[in-house]
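Produce the complete structure using the sequences and hints provided.
Here is how the chains run, residue by residue.
Protein chains: 4
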Amino acid sequence: MTSTGTSVSMPATATLLVSCRDRTGLVAALSEFVFKNGGNILDADQHAEVETGLFFMRLRWDLGAFKLSRAEIDAAMRALAVRFDLAWELTYSDVRSRVAVFASKAPHCLYDLLLAHQLGELRGDLALVISNHELLQPVAGHFGVRFEHVPVDAHDKAAAEATQERLLAEAGVDLVVLARYMQILSPGFVARWPSRIINIHHSFLPAFVGAKPYHQAKARGVKVIGATAHYVTSELDQGPIIEQDVCRVSHRDDVDELLRKGGELERRVLTHAVRMHLERRVLVSGNRTMVFG
Amino acid sequence: MTSTGTSVSMPATATLLVSCRDRTGLVAALSEFVFKNGGNILDADQHAEVETGLFFMRLRWDLGAFKLSRAEIDAAMRALAVRFDLAWELTYSDVRSRVAVFASKAPHCLYDLLLAHQLGELRGDLALVISNHELLQPVAGHFGVRFEHVPVDAHDKAAAEATQERLLAEAGVDLVVLARYMQILSPGFVARWPSRIINIHHSFLPAFVGAKPYHQAKARGVKVIGATAHYVTSELDQGPIIEQDVCRVSHRDDVDELLRKGGELERRVLTHAVRMHLERRVLVSGNRTMVFG
Amino acid sequence: MTSTGTSVSMPATATLLVSCRDRTGLVAALSEFVFKNGGNILDADQHAEVETGLFFMRLRWDLGAFKLSRAEIDAAMRALAVRFDLAWELTYSDVRSRVAVFASKAPHCLYDLLLAHQLGELRGDLALVISNHELLQPVAGHFGVRFEHVPVDAHDKAAAEATQERLLAEAGVDLVVLARYMQILSPGFVARWPSRIINIHHSFLPAFVGAKPYHQAKARGVKVIGATAHYVTSELDQGPIIEQDVCRVSHRDDVDELLRKGGELERRVLTHAVRMHLERRVLVSGNRTMVFG
Amino acid sequence: MTSTGTSVSMPATATLLVSCRDRTGLVAALSEFVFKNGGNILDADQHAEVETGLFFMRLRWDLGAFKLSRAEIDAAMRALAVRFDLAWELTYSDVRSRVAVFASKAPHCLYDLLLAHQLGELRGDLALVISNHELLQPVAGHFGVRFEHVPVDAHDKAAAEATQERLLAEAGVDLVVLARYMQILSPGFVARWPSRIINIHHSFLPAFVGAKPYHQAKARGVKVIGATAHYVTSELDQGPIIEQDVCRVSHRDDVDELLRKGGELERRVLTHAVRMHLERRVLVSGNRTMVFG
Numbered sequence: 005m006t007s008t009g010t011s012v013s014m015p016a017t018a019t020l021l022v023s024c025r026d027r028t029g030l031v032a033a034l035s036e037f038v039f040k041n042g043g044n045i046l047d048a049d050q051h052a053e054v055e056t057g058l059f060f061m062r063l064r065w066d067l068g069a070f071k072l073s074r075a076e077i078d079a080a081m082r083a084l085a086v087r088f089d090l091a092w093e094l095t096y097s098d099v100r101s102r103v104a105v106f107a108s109k110a111p112h113c114l115y116d117l118l119l120a121h122q123l124g125e126l127r128g129d130l131a132l133v134i135s136n137h138e139l140l141q142p143v144a145g146h147f148g149v150r151f152e153h154v155p156v157d158a159h160d161k162a163a164a165e166a167t168q169e170r171l172l173a174e175a176g177v178d179l180v181v182l183a184r185y186m187q188i189l190s191p192g193f194v195a196r197w198p199s200r201i202i203n204i205h206h207s208f209l210p211a212f213v214g215a216k217p218y219h220q221a222k223a224r225g226v227k228v229i230g231a232t233a234h235y236v237t238s239e240l241d242q243g244p245i246i247e248q249d250v251c252r253v254s255h256r257d258d259v260d261e262l263l264r265k266g267g268e269l270e271r272r273v274l275t276h277a278v279r280m281h282l283e284r285r286v287l288v289s290g291n292r293t294m295v296f297g
Numbered sequence: 005m006t007s008t009g010t011s012v013s014m015p016a017t018a019t020l021l022v023s024c025r026d027r028t029g030l031v032a033a034l035s036e037f038v039f040k041n042g043g044n045i046l047d048a049d050q051h052a053e054v055e056t057g058l059f060f061m062r063l064r065w066d067l068g069a070f071k072l073s074r075a076e077i078d079a080a081m082r083a084l085a086v087r088f089d090l091a092w093e094l095t096y097s098d099v100r101s102r103v104a105v106f107a108s109k110a111p112h113c114l115y116d117l118l119l120a121h122q123l124g125e126l127r128g129d130l131a132l133v134i135s136n137h138e139l140l141q142p143v144a145g146h147f148g149v150r151f152e153h154v155p156v157d158a159h160d161k162a163a164a165e166a167t168q169e170r171l172l173a174e175a176g177v178d179l180v181v182l183a184r185y186m187q188i189l190s191p192g193f194v195a196r197w198p199s200r201i202i203n204i205h206h207s208f209l210p211a212f213v214g215a216k217p218y219h220q221a222k223a224r225g226v227k228v229i230g231a232t233a234h235y236v237t238s239e240l241d242q243g244p245i246i247e248q249d250v251c252r253v254s255h256r257d258d259v260d261e262l263l264r265k266g267g268e269l270e271r272r273v274l275t276h277a278v279r280m281h282l283e284r285r286v287l288v289s290g291n292r293t294m295v296f297g
Numbered sequence: 005m006t007s008t009g010t011s012v013s014m015p016a017t018a019t020l021l022v023s024c025r026d027r028t029g030l031v032a033a034l035s036e037f038v039f040k041n042g043g044n045i046l047d048a049d050q051h052a053e054v055e056t057g058l059f060f061m062r063l064r065w066d067l068g069a070f071k072l073s074r075a076e077i078d079a080a081m082r083a084l085a086v087r088f089d090l091a092w093e094l095t096y097s098d099v100r101s102r103v104a105v106f107a108s109k110a111p112h113c114l115y116d117l118l119l120a121h122q123l124g125e126l127r128g129d130l131a132l133v134i135s136n137h138e139l140l141q142p143v144a145g146h147f148g149v150r151f152e153h154v155p156v157d158a159h160d161k162a163a164a165e166a167t168q169e170r171l172l173a174e175a176g177v178d179l180v181v182l183a184r185y186m187q188i189l190s191p192g193f194v195a196r197w198p199s200r201i202i203n204i205h206h207s208f209l210p211a212f213v214g215a216k217p218y219h220q221a222k223a224r225g226v227k228v229i230g231a232t233a234h235y236v237t238s239e240l241d242q243g244p245i246i247e248q249d250v251c252r253v254s255h256r257d258d259v260d261e262l263l264r265k266g267g268e269l270e271r272r273v274l275t276h277a278v279r280m281h282l283e284r285r286v287l288v289s290g291n292r293t294m295v296f297g
Numbered sequence: 005m006t007s008t009g010t011s012v013s014m015p016a017t018a019t020l021l022v023s024c025r026d027r028t029g030l031v032a033a034l035s036e037f038v039f040k041n042g043g044n045i046l047d048a049d050q051h052a053e054v055e056t057g058l059f060f061m062r063l064r065w066d067l068g069a070f071k072l073s074r075a076e077i078d079a080a081m082r083a084l085a086v087r088f089d090l091a092w093e094l095t096y097s098d099v100r101s102r103v104a105v106f107a108s109k110a111p112h113c114l115y116d117l118l119l120a121h122q123l124g125e126l127r128g129d130l131a132l133v134i135s136n137h138e139l140l141q142p143v144a145g146h147f148g149v150r151f152e153h154v155p156v157d158a159h160d161k162a163a164a165e166a167t168q169e170r171l172l173a174e175a176g177v178d179l180v181v182l183a184r185y186m187q188i189l190s191p192g193f194v195a196r197w198p199s200r201i202i203n204i205h206h207s208f209l210p211a212f213v214g215a216k217p218y219h220q221a222k223a224r225g226v227k228v229i230g231a232t233a234h235y236v237t238s239e240l241d242q243g244p245i246i247e248q249d250v251c252r253v254s255h256r257d258d259v260d261e262l263l264r265k266g267g268e269l270e271r272r273v274l275t276h277a278v279r280m281h282l283e284r285r286v287l288v289s290g291n292r293t294m295v296f297g
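These protein sequence lines map, in sequence, to chains A, B, C and D.
Here the numbering used here is used: the first residue of the first sequence is 5, the next is one more, and so on.
Here the numbering used here is used: the first residue of the second sequence is 5, the next is one more, and so on.
Here the numbering used here is used: the first residue of the third sequence is 5, the next is one more, and so on.
Here the numbering used here is used: the first residue of the fourth sequence is 5, the next is one more, and so on.
Keep in mind that a hint or two might mislead.
Heads up, the list lumps identical chains together, so a pair's fine if it works in one copy or across two of them.
[Unchecked claim] Under the rule of at most 30 Å between Cα atoms (straight-line distance), these lysine-lysine pairs were calculated in the DSS-like manner: (1) K71 - K40; (2) K216 - K161; (3) K265 - K109; (4) K161 - K265.
If you're looking for bench data, these hints aren't it; they were derived computationally from the structure.
As the structure is a prediction and not an experimental result, all values here were calculated from the model.
Structure, rendered in structure tokens:
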């Protein structure tokens, strides 16, 4: 059963993510740029943040009758970026992202991503699964996705990362998803993929430090457990949050059931975060995100 | 304890709600209008609907340094409305809505609205409580809100409605909230307040027709109950939905507990809907709404 | 990748579901029965319903040191059932249910069940997938579950059902799960599987009658969509509800996105309902269920 | 408008909360005790915890035809407690708890409790509001609840606590609810009210240490905020959790809106926790609770 992804027969669209400090005239300039070149705005979402004085914008327009080539669009955007001092990112719906999933032994998050992909729910292609174990090879195989086993030697992580980087480069990957990948990536690796690695981890109210957090949650009698998907930064599990969700638990749930509920949350939250990223709905600003829903 | 509402010391803002069929150039024209007259866009939210070809927009800009008077803004908007065939509504943050609450005997929704108002969470003034019973007079009195007892004679509803209309006119009311008001308003009354009357009612999966819906829900063993806030139209409980929410129930909940949970939902959903309306986040199109969150 | 299910190395437990009218002395008699024969109560959940005068109970005890054989337990229960006029069902944790999944072309619910099964989250064995199409054969195959293609001829449904019944009998199935199976089972089939067929369908507030409910929901601007899992009875989609859940939607969700969110709800709600059934947490009384969470 | 609370005309019931280590025969003994003395079990909820070997039980039976006096019930329970080494608590539905609410200046939690009480949703009487400020006196007055202003001198907290303790004793209070009371109670005060003081505080994923947590949450871009109600122990905000809930937030919510949503959560979660406590659904074991829903 091979994966097909979504149809690409619809006319292409351009999605622009922008953040800047002084927005005076920006919206007018961008709207005018789209309009005068024959584009139609499909979605626009703008937010001025009182606390920081920052301005954020997501703009999506159709390219069916757009008069400019992509090179011309790019040049025009560079000029606007200088004029308004913008941080910006421009993507096209017909240039699909290529995604690699890193996994270890736990299959649930990997399955959810592969299934979402197969159902055409992700605007990107799952190019590659990389794992430090061989266990999940049949899972990738079932969905027709290439699987690479890259063992990680605790004494030479650099070798494994070099192999991973080579595979990612060969496959043209631009997003790495850690689907319960139980190895810590080096700061160097992380630095080469800024806002391009998504991780998932459990979250609790209150937070539990140390090992066996679900056992701690059980002993503490929490009524809610959660999961958080975030971009990976050099600070462990402290990167910009993309999505969070929780579910209720009670004393009737033993640790195994807490783990099961946690796993269900993890896969749902991770897949949602990946979908938001691939739809270019996530704008990173400092150590946080705006998600344009 | 008198109510104070929110501070109005912040610079005024204008909020524009727009819907139209052909949007080509509209965003550019509106952005240019705001920009060239010295306004700054604070929030903009645009949505093109594939299914209908309609375009919806909410635009909010600050008026601190705006060069046009309100009469001039109004004239400019009229011109744009003709040019783009717009349905539109323009409001100013310093012109506060005046709200009347209609209630009968159940106090929970009325309390929630009065409390939200007192906490400064509603961008409008509760001008008046009208009830067909005297029971809730002390509730309004406690919050310093005028209370009018307008009995409804089943054989002469028109007399009661005439009194209500007079009271609303005298108090300059522009939004009526039915907070568990147990009388059905006449088609004429409803027609005079289009998208200006908000009602709350219970909702179930599946729906239960007829009397005592909570008893039916109990007998049917539903696992979820809900509440819906909507604008009142001539078709009973079928107007445009503003907000819905649900809560879980189980066989342990007897009918009284279902009613309690339903009441908690009702007050939360109704107050939320009123808040959204007063913040001009609700755009009505046909028999539905967009709520710009 | 073959499925393994949960480990069965833990000592067996017995689970008793009981409903009756007059409970006087029942709990004492059942507790005494477990105690004097060397059992330990692990969970007990009792509920007396004021509205109906009915009494419901779920009792689970360990059999590690229990002095009675299963034949003796059965005989004792029969005597108690006569004495207290009980409706009852007794199951053992080491006698695993055998489940058949009926599917058509949509894979999402089938995947979710197969994955939950493989992760050891279902207390039963997926013995068989039956489909009126061949499309999902590789899905069952990947999880090592037998797949039978049983085409349904619109002019001779009885033939298909006869084949299905034979397959179910051969495989020793005691629960049928309709995972978006797009054929209506005959009243005869349904009658032979009372409280033994679980179905999933979408639910809306308000309900939408007729075709294309998601299109209707879009046109109506609902803010919440839901899904309901229930036992199948002769009355279409009106059987006892096992589980319901909802998710929020907005005007930003087009019909495709509503369908995607609905599908996510469907698989979650259906798998949850199946898990509850297999853990013997669901007690049917009339046209509703108690779910002992 | 005076508060009336719930009707007490229904026959009284007894509610027993029990925890113990070895439960062998306990359920049989308790069921037999209720049965042979003419009682009917209305609800029973038992849970054996694998992780700790502990057993927990909530048992509620009607006293309409019960043959024993309360002194006799008490004596019988003492004997059972010795025999089975029980931690236990027995309460009667017609002996209503008396509740004191401590508040400062924020009215939202106090209003919610007073309203729930007036609607008859709390199985206890609000005897007294104590505040270190005079601001909320009219709120208590409106609901006909006594208000005592007890200023707290930062240099002599002991004097204030002595006054508070005297007022609580005079009013026969057995539960103290801290409804955003902005003073820290001394360890001595807390020790005299074990599992008898309920507090509410905000909760975040991740947790934020230090001042202005909502500002930190805004800067960190969290997608969910929460609130936790717990019993107060000598360790600040670390006592047994009774209830938690969360709500979604986004970049569109400024700090004021986060505070508003947080306040709405706080009042809902606190009132729910108080209701659970007053219905004797909360069993404390070590530093956690079981809540029998």
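Hint-by-hint comparison with the structure:
1. K71 - K40: both (9 Å within a copy, 26 Å between copies)
2. K216 - K161: within (25 Å within a copy, 41 Å between copies)
3. K265 - K109: Both: 18 Å inside a chain and 28 Å across chains, each within 30 Å.
4. K161 - K265: Answer is neither: 32 Å inside a copy and 40 Å across each miss the 30 Å cutoff.
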